[in-house]
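Make the full structure from the sequences, and use the hints.
Line by line, the protein sequences are chains D and C.
Going left to right, the first sequence walks through residues 4 to 386 as the numbering used here numbers them.
Going left to right, the second sequence walks through residues 4 to 386 as the numbering used here numbers them.
Warning: the hint list may mix true and false statements.
Unchecked claim - The list that follows gives simulated cross-link-like pairs (lysine to aspartate or glutamate, EDC-like), each with its CA atoms no further than 20 angstroms apart:
1. C:Lys335 / D:Glu79
2. D:Lys335 / C:Asp383
3. C:Lys335 / D:Glu363
4. D:Lys41 / D:Asp383
5. D:Lys335 / D:Glu363
6. D:Lys335 / D:Asp290
7. C:Lys41 / C:Asp383
8. D:Lys335 / C:Glu103
9. C:Lys335 / C:Asp376
10. C:Lys335 / D:Asp295
11. D:Lys335 / C:Glu106
Just so you know, the hints here were simulated from the structure itself, not pulled from any lab data.
Here the structure is a predicted model, which is why all the values come from computation and not from measurement.
There are 2 protein chains.
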Amino acid sequence: MGAFLHSRWVEPPAGVEERDAGELAPGFRAAGVACGIKGGGTPDLGLLLCDEPEPGSAALLTSNAAPAAPVRVCRERAELGALRAVVASSGNANAGTGPEGYERAVAMQEEAAAQLDLAPASVAVASTGQIGIPLPIDAVREGISMAAGEIAPGRSTELARAIMTTDRAPKHGTLRAGGVTISAQAKGAGMIQPGFATALCFVQTDATVPDPEATLRAAAATSFERITVDGLQSTNDTIVLQATGAAGSELPAGLLDAILLQLALDVVEDGEGATRVARLRVGGAGDDAEADRVARTIANSQLVQTALHGRDANWGRIVQAAGMALAGQELKLDADSVEAAEMGADSQEADLALELGRGEGEALVYFSDLSCDYVRINSDYSS
Amino acid sequence: MGAFLHSRWVEPPAGVEERDAGELAPGFRAAGVACGIKGGGTPDLGLLLCDEPEPGSAALLTSNAAPAAPVRVCRERAELGALRAVVASSGNANAGTGPEGYERAVAMQEEAAAQLDLAPASVAVASTGQIGIPLPIDAVREGISMAAGEIAPGRSTELARAIMTTDRAPKHGTLRAGGVTISAQAKGAGMIQPGFATALCFVQTDATVPDPEATLRAAAATSFERITVDGLQSTNDTIVLQATGAAGSELPAGLLDAILLQLALDVVEDGEGATRVARLRVGGAGDDAEADRVARTIANSQLVQTALHGRDANWGRIVQAAGMALAGQELKLDADSVEAAEMGADSQEADLALELGRGEGEALVYFSDLSCDYVRINSDYSS
Numbered sequence: 004m005g006a007f008l009h010s011r012w013v014e015p016p017a018g019v020e021e022r023d024a025g026e027l028a029p030g031f032r033a034a035g036v037a038c039g040i041k042g043g044g045t046p047d048l049g050l051l052l053c054d055e056p057e058p059g060s061a062a063l064l065t066s067n068a069a070p071a072a073p074v075r076v077c078r079e080r081a082e083l084g085a086l087r088a089v090v091a092s093s094g095n096a097n098a099g100t101g102p103e104g105y106e107r108a109v110a111m112q113e114e115a116a117a118q119l120d121l122a123p124a125s126v127a128v129a130s131t132g133q134i135g136i137p138l139p140i141d142a143v144r145e146g147i148s149m150a151a152g153e154i155a156p157g158r159s160t161e162l163a164r165a166i167m168t169t170d171r172a173p174k175h176g177t178l179r180a181g182g183v184t185i186s187a188q189a190k191g192a193g194m195i196q197p198g199f200a201t202a203l204c205f206v207q208t209d210a211t212v213p214d215p216e217a218t219l220r221a222a223a224a225t226s227f228e229r230i231t232v233d234g235l236q237s238t239n240d241t242i243v244l245q246a247t248g249a250a251g252s253e254l255p256a257g258l259l260d261a262i263l264l265q266l267a268l269d270v271v272e273d274g275e276g277a278t279r280v281a282r283l284r285v286g287g288a289g290d291d292a293e294a295d296r297v298a299r300t301i302a303n304s305q306l307v308q309t310a311l312h313g314r315d316a317n318w319g320r321i322v323q324a325a326g327m328a329l330a331g332q333e334l335k336l337d338a339d340s341v342e343a344a345e346m347g348a349d350s351q352e353a354d355l356a357l358e359l360g361r362g363e364g365e366a367l368v369y370f371s372d373l374s375c376d377y378v379r380i381n382s383d384y385s386s
Numbered sequence: 004m005g006a007f008l009h010s011r012w013v014e015p016p017a018g019v020e021e022r023d024a025g026e027l028a029p030g031f032r033a034a035g036v037a038c039g040i041k042g043g044g045t046p047d048l049g050l051l052l053c054d055e056p057e058p059g060s061a062a063l064l065t066s067n068a069a070p071a072a073p074v075r076v077c078r079e080r081a082e083l084g085a086l087r088a089v090v091a092s093s094g095n096a097n098a099g100t101g102p103e104g105y106e107r108a109v110a111m112q113e114e115a116a117a118q119l120d121l122a123p124a125s126v127a128v129a130s131t132g133q134i135g136i137p138l139p140i141d142a143v144r145e146g147i148s149m150a151a152g153e154i155a156p157g158r159s160t161e162l163a164r165a166i167m168t169t170d171r172a173p174k175h176g177t178l179r180a181g182g183v184t185i186s187a188q189a190k191g192a193g194m195i196q197p198g199f200a201t202a203l204c205f206v207q208t209d210a211t212v213p214d215p216e217a218t219l220r221a222a223a224a225t226s227f228e229r230i231t232v233d234g235l236q237s238t239n240d241t242i243v244l245q246a247t248g249a250a251g252s253e254l255p256a257g258l259l260d261a262i263l264l265q266l267a268l269d270v271v272e273d274g275e276g277a278t279r280v281a282r283l284r285v286g287g288a289g290d291d292a293e294a295d296r297v298a299r300t301i302a303n304s305q306l307v308q309t310a311l312h313g314r315d316a317n318w319g320r321i322v323q324a325a326g327m328a329l330a331g332q333e334l335k336l337d338a339d340s341v342e343a344a345e346m347g348a349d350s351q352e353a354d355l356a357l358e359l360g361r362g363e364g365e366a367l368v369y370f371s372d373l374s375c376d377y378v379r380i381n382s383d384y385s386s
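Here it is in structure tokens:
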């Protein structure tokens, strides 16, 4: 396996081939430019275009009750099942910015549509970065015009770079199987416990996807929905899938799941300050929802995260968090209920398990450790 | 006001006097000794005795579904309304230790009863420290015998020292009002979001307390139940109130509340790695339970805690956490909904507020910041 599908937890379909991560699926063009939101010539504006006039598409958006303006614009002014393009900015989340922020997100959508000669409703808008600061819309408009001029096949890397915030590296991959290609870009870092998607993720394929929304929802449910860095659901979570169908074949089973799970794991691995990743399997819960609640309480426990950081196989902290998640009930847990040895081992990917002995419910969750760097990054972020 | 009642958020009853914090309420004796759980001659075993043969008493115990052995012993083998004595150890929580741990907690209770010539059921047992390690019961038994030999009036400081773990200083206070005295000791540090009490807190008074349980529950509801350091509910939370009634007067209104709130704030202020404390008032929620959920989600947000640490008046992170707590609903929040200026100011005690504009529900919560020291303390704790 090459550089992209590197986690032992990802199980790609048979015959999958990795391609250069810079390659976009056929029928897609992209660009990433620096328009000055971040300053210093750092890319902060991405544009993605599907050449096929009637692609299948779907988008999942954060369920946060205070969503960012671009999320509201996607929900209210975009046809999520017929998206031709995505315009995305980084460095400023355009969240908590009131009616003026909403107008600016609309302006982003309209400018991209005008530059690409599309209907505004066929353009999804996404932003990521600091909350509560007015979006510099003139710079963004100029960036969109610049990006529209540079848009070209094979610019997955440029797109992935243009959506980074505190990410240490661009996150993207391209896979080929069964005669079709799928490419995807994502960004993560902090405020990561998606309701169904990370801050931003874009997926392109030339395969046919009969029910894009159901397919995307199912793949997100086993990937981006299973991760947490700091337990915080973003105001900007957006994941977009576009499928041209030009290759004439259906997406092979497991291909979307593999690329999304690897990207989700890349997000966890590159969580703010993260040095290690763990996968926790909770079994024997009353039902799956209970297992999920227990798994997330453990994964988001600062004491479990610091134990993971310190390579301390501290199963007691896992039991404490499980007991907190099920407060008021009675658990019989001891050292034998927990597999935590890998938490204390040298591995970068630690496999953990907890057996509750209450029923058949189970859940998986992936999480990162808590280090001083998380504190440093987030104490200084806005300065 | 003297050194103990130092928070601007505590409102003691009129005429309250602070006494030497080392003074115990009349009719109580205590001791703190080093029995070797922690090693290095550090105090780790405390004993508290009420001389009055029939005091009123009450105890609140953690609702964690995996409680420590001493909590189970209190629940199953102590008469919580007729407690004469408390035996407490630190350095080892006797949690996650199975049936053998339970037997050792019973042995602690029986040894203390034998040494003090009491019925075992009149002795409460409490432990705090590392989870999952067998309690060195021979050392503890010897410590109890030592402590019984040293027990004397006015040893509040010794008792407070004997229950410390990562606390930077002993936490205790003594107040006098309306002809009665109340003294209390507490410990906190990490794993702090009590279901109704911190890790350990003991309160003594010579006043009459007609319904000790209801009184204690009400006072805890506005103090220890309102604090969080890391959002983690301990396996060992225990709070004990003992009242002799020897002074012949009832406890003045507000006196128990004041001593518990100040101790709870001392616990937050001395949270692991903490450098600042915030009080957050959430108003305008659908109901009080919703306000509580929003307030705790904000208080436990690592991004809010790091912003507090970095003196960054980042109201956007408060809005994000509120939106996450109310995911799936619709909030209209902007900069005017939040008072966060003190988060960016120099004050040690930052007053914050959020107005949701949904109804009449409100909640208060006190929390500490997240610093690198929290990570350091908890990455190394067991080494």
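Each hint tested on the structure:
1. C:Lys335 / D:Glu79: 16 angstroms, holds
2. D:Lys335 / C:Asp383: 28 angstroms, violated
3. C:Lys335 / D:Glu363: Violated, at roughly 41 angstroms.
4. D:Lys41 / D:Asp383: Roughly 15 angstroms between the alpha carbons, so the hint for D:Lys41 and D:Asp383 holds.
5. D:Lys335 / D:Glu363: Within the cut-off at roughly 16 angstroms; holds.
6. D:Lys335 / D:Asp290: 17 angstroms, holds
7. C:Lys41 / C:Asp383: Judged against 20 angstroms, a Cα distance of about 16 angstroms means the pair holds.
8. D:Lys335 / C:Glu103: 13 angstroms, holds
9. C:Lys335 / C:Asp376: 36 angstroms, violated
10. C:Lys335 / D:Asp295: 30 angstroms, violated
11. D:Lys335 / C:Glu106: Holds. D:Lys335 to C:Glu106 sits at ~16 angstroms (cutoff 20 angstroms).
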